[in-house]
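**Student:** Just so you know, the sequences run in chain order S and X. Under the UniProt record's numbering, the first sequence has 470 at position 470, and the numbering climbs by one with no breaks. Under the UniProt record's numbering, the second sequence has 561 at position 561, and the numbering climbs by one with no breaks.
If you're looking for bench data, these hints aren't it; they were derived computationally from the structure. Incorrect hints may have been included.
Copies of the same chain look alike in the list, so a pair counts if it works inside one copy or between any two.
No more than 30 Å apart at the CA atoms, straight line, and that leaves these computed lysine-lysine pairs for DSSO-like [unchecked claim]:
#1 Lys646 / Lys572
#2 Lys647 / Lys412
#3 Lys572 / Lys522
#4 Lys412 / Lys646
#5 Lys274 / Lys635
#6 Lys646 / Lys415
#7 Lys635 / Lys402
#8 Lys412 / Lys635
#9 Lys254 / Lys415
Protein chains: 2
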Amino acid sequence: MNGGETTSNNDTIKKRKIDPESRQIIVPPRDAQIHYTPLKTGLCYDVRMRYHAKIFTSYFEYIDPHPEDPRRIYRIYKILAENGLIKDPTLSGIDDIGDLMLKIPVREATSEEILEVHSKEHLDFIESTSKMNREQLLKATESGDSVYFNSDSYASAKLPVGGAIEACKAVVEGRVKNALAVVRPPGHHAEPEAAGGFCLFSNVAIAAKNILKNYPESVRKILILDWDIHHGNGTQKAFYDDDRILYVSLHRFKMGKYYPGTIHGRYDQTGEGKGEGFNCNITWPVGGVGDAEYMWAFEQIVMPMGREFQPDLVIISAGFDAADGDTIGQCHVTPSCYGHMTHMLKSLARGNMAVVLEGGYNLDSIAISALSVAKILIGEPPDELPDVTRDPKPEVIEMIDKVLRIQSKYWKCFKSKFGNAGCDFQEQINNSIATKNFPLQSAIRQQQVRNLSKEFNFSELPIYKSELPEDTILCSSNIYESNTIIICVHDTPEIWAKRDAIQGTIDPSSSIIVDSSLDMIKWAIERKYGVIDINIPQNLLEQENYYSIITAQEVLINLWDNYLKYFPNVNKIAFVGIGDAYSGIVHLLGHRDTRSVVKAVINFVGQKQLKPLVPLVDESLGEWYFKNSLVFSNKNHIYWGDKENKKPRKKYGRVLRCDTDGISNIMEERFEEATDFILDSFEEWSDSE
Amino acid sequence: MNGGETTSNNDTIKKRKIDPESRQIIVPPRDAQIHYTPLKTGLCYDVRMRYHAKIFTSYFEYIDPHPEDPRRIYRIYKILAENGLIKDPTLSGIDDIGDLMLKIPVREATSEEILEVHSKEHLDFIESTSKMNREQLLKATESGDSVYFNSDSYASAKLPVGGAIEACKAVVEGRVKNALAVVRPPGHHAEPEAAGGFCLFSNVAIAAKNILKNYPESVRKILILDWDIHHGNGTQKAFYDDDRILYVSLHRFKMGKYYPGTIHGRYDQTGEGKGEGFNCNITWPVGGVGDAEYMWAFEQIVMPMGREFQPDLVIISAGFDAADGDTIGQCHVTPSCYGHMTHMLKSLARGNMAVVLEGGYNLDSIAISALSVAKILIGEPPDELPDVTRDPKPEVIEMIDKVLRIQSKYWKCFKSKFGNAGCDFQEQINNSIATKNFPLQSAIRQQQVRNLSKEFNFSELPIYKSELPEDTILCSSNIYESNTIIICVHDTPEIWAKRDAIQGTIDPSSSIIVDSSLDMIKWAIERKYGVIDINIPQNLLEQENYYSIITAQEVLINLWDNYLKYFPNVNKIAFVGIGDAYSGIVHLLGHRDTRSVVKAVINFVGQKQLKPLVPLVDESLGEWYFKNSLVFSNKNHIYWGDKENKKPRKKYGRVLRCDTDGISNIMEERFEEATDFILDSFEEWSDSE
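Extracted from the complex, chain S is given alone in its bound form (with noise of 0.2 Å):
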């Protein structure tokens, strides 16, 4: 009656043991069969590398320690041990520490090891400080580049390299499913020549170096992951020209003034020679970051990238330092986010892993992300992020763009996805001055100049600079006459378009042109203002917005000593700054005693950068400037950073905060505060109701 290759007879497979496919007896399998049985997770700790301490010359220094402090490893196995992931209820460091977990015994690196990374000049040096005296110790730490030595310290600092080499080996020999080294003094930032950053040896550079060498066949490629908050320096060093490890870091960089502040951070270095490509810097331009920008990396950056790369081994440089509540860090990576991003890179490369420490000064903050990062490791999912409703910071969503505009040369990933308009945009650019391509602005502002003069006749204005475009300065026919005047000035107005998806490309026919001084020029001709219409250019050719901000400068300055000085009627002037152009209405106004006529000034600044008002002509001028200006700025404007209620400094002028982002978008939401304001100001408020 039933159908299929079953029989509806209960139990009938159980009894006759027969296999319901091939219908044949079944013999029993001789044994159990080979039984999967999950590896431990290493585990690197050892108390000898807590002998390399800061010697004190002060009881400053006692109440108040380096921050590189040898509670730092303790403090991560207690927590450990507290959580039950290992046992050991002394805390000593014994051999056996449970089922979750494998003791891996650390033992000092050889020095031919350390040579495989570093020279012999800085082994040396290292080594010697063993017969240091006091004074000679106290020396050589202040004349190093953050680093402390007392007599231990070589003998310490050769155990996390030794730490680290073995952590390594037990995973790529399969002894272990993946490993967490508890081990200082920390690595990354040791160079090949020099210590530094409270780093003596480069320990995760040597492991990797020695893996590569000890398993030529069985591991060819390498992903260090750093995530310390300061960039790697000796790590990016020591493989910068080598293809065979991709190093990944995730830092502050501010402008190169976070440490190690040097160029070698920086996003644009990605390798060089065979290495070119393997050298990935994402770095923060700003503090404060956390998990939702941590988590828009790895998903936009690091870990297509990994899967492409297809690494036998990951490392992670784990500093804790952008753990929240590290002070020198200053950024705020949740424990449940560390162990989000652990859980990411355990799908690359089977999950061969090894976690090897590195900085992380917040005693308490290391202790619960480590033990996140080890929860992971032994195979629990990773906690719920705090909190998922905030957006990464823009500063870091434009840094990531620009990572990934930058990689996207390397990364087949990047590549297609993101478009090829994206890694060949800059070298369009500079065909820009060839034959067939030509600048978008211009197209735009000939259609300004087009509406503007068929619908309102407007004309242009001479302005006495060659090098601008004649439309730069359009005015309504009534300007002569006009004793009101409304002037306008603005970058090329905005679009927004239909991205291709594929290549990048932008499809003009499903693409709007965003004219948002349209609406404020109406309104003036409607009252019979006379209107000036200031379009102020690009340049193509540069990275930053100088070029408009200088022009704009110049523009306006021009206008008032040539025009508007002479204007014979006009006794009442309001300004209407859009983006980049607003500067120089606010360079006008410090520079040059305009306030018998303008009465009001609004700007609408989106996200661009505030621009304060330098009163070189009457110091008084910066209180007028606050109390005759109304200054717009993005919801999400870098100004107001993370504080709801920042009062901005009165040289800024009025500035108040959107409710929503974008030129176009906080022009439609204050357009009638703008308008009221100017009324007011003309005192003809009145007349608008």
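Take the given structure of chain S and dock chain X to it, following the hints.
**Tutor:** Coordinates of chain X only, in the frame set by chain S:
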């Protein structure tokens, strides 16, 4: 001598049992501290679910059984045992299955439970089948929508419902860390009122309802991720207005022609009422998708959305019919990819996850796929993806983009990261009739007009179609005297632009128009040919490009009938088509006999659809077109599919596959070939040497 709070005497800590931080004597913890014990993975399996089977009505059904075959669950159970994940040497479904997995007993769901989702009528009908005779069962089978019944169906079908409920319960109550329910018949096509697609009851939907009802405090939100290759219409319907369930389905859609083939599976079906925004259909427009597409969808959509939703439980509706080898799904998801997806989802809801089998019909494929998922559940890392170099199909990248755009209305993670311009775009386009927005394409055409009239003295050629802009056709001043004419018919040129990473808007100051036709025009001018330049605008408000295709056809016919036919001296014409506009040329060549003067046709198609020549005038036109044309397509043009050496049919002309993508790139690549071809046809080839 040594600093900090450490002491340099080796082993001091151990011997004296002094806590190094507090310096107090250590009291060993009374007992081993709370020892961390990892939970097992739950497993549902019951041979009784195999009793539902199709009644044979012919020998044919015996040798080629119904795909929803009772062996499906057995094969999965077997492979788990063979790989040591469970211990059951006789494969009979015993209770004690070893250290890694815990057997969760399967029971029949109660009517009360089933009625939480289904109507009384539906339940009664399914129940009635248990009392039907063979005739009646066959009749019920025939009249249903892809379902079958035997007299065990009712009893069997209550088991997967009970199994799914118990699997979820075990996870939610913390008895297992996660669970795998190897159950059948599947459930996700069963709608509240009707069975369908091999599904009788909606297993996962009923389980989800049950959990929400019985654990209101601990489970407030559930993510149901459905990776079966078919849309889970039943599950979607059960929760379409429910904001407690986020239903995300990845499935083939094929313009609604793939089972179940209703518009409910479309990407723009996002829920209604309270449930608006809690339904997400990620639809594959084409077959043959695999790891690259699924990983892309997960990283771009599923994971950010899942994190923002913050579910308390994740249920995977795990059909394995997208697996490589499944002839129904015709896709290529590898076992590793199923592992990766499971691994990623494990990072949600603190790992609380139940995986419930849905479809999947290749017995080998479902076994190895399910094994890969089970390994992740017990805590193993995923295997490496076998091929990480293949890009997602262009159609899929476009679709993901569409899904992001539509979901960005509801999910902050997309809104902020993909720009406001994304979700408000259509609104803005609709506003483009409004005064302050104007289409970019007319600005760009005007720029072309300025260039051509200034540099080469081009002028407008009037066209008798009032709705087209006057600048549609331009011609060189020598056009009436020329005997040789090049006619360039093109879309509005494309733009290479930097997209604002935050707003999604385009900054015109850093954007360029890449006018590829200009090279061709210059080449023709240099040879003193007459030149006609035709710009075909597109319709802003239309989704598709029909408007421009029809416009191109009308313009070309019009040009032939009113001008070209009457030009006194012309005896050689070459057409150059660029983009969608090229269809106008193909149309003309099929509808008029132009062979006396047209010597060559060059079409740069890029990624646009190939157009066949329809020879209305004379059958031999097709052959003539093939001989006298070159049609250049993108390297990754959809036409080529996965085939290396596809030979296009002659009606498309001589189609050639370029080495690159994008109109401007392929024009650069093939410029010389194209111009040589034209010269050859003009018999002027020797001139060009």
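**Student:** If a hint holds in the structure, say so; if it doesn't, say that too.
**Tutor:** Hints, verified against the model:
1. Lys646 / Lys572: So Lys646 and Lys572 fail the 30 Å test inside a copy (33 Å) and across (73 Å) alike.
2. Lys647 / Lys412: between (46 Å within a copy, 27 Å between copies)
3. Lys572 / Lys522: Answer is within; shortest intra-copy Cα gap is 18 Å, inter-copy 52 Å.
4. Lys412 / Lys646: between (44 Å within a copy, 24 Å between copies)
5. Lys274 / Lys635: Result: close only across copies, 28 Å inter versus 45 Å intra.
6. Lys646 / Lys415: Close across copies (25 Å), not inside one copy (41 Å); limit 30 Å.
7. Lys635 / Lys402: Both, since 23 Å and 27 Å are each at most 30 Å.
8. Lys412 / Lys635: between (36 Å within a copy, 15 Å between copies)
9. Lys254 / Lys415: both (27 Å within a copy, 27 Å between copies)
In summary, the structure is inconsistent with hint 1 from the numbered list given earlier, while agreeing with all the others.
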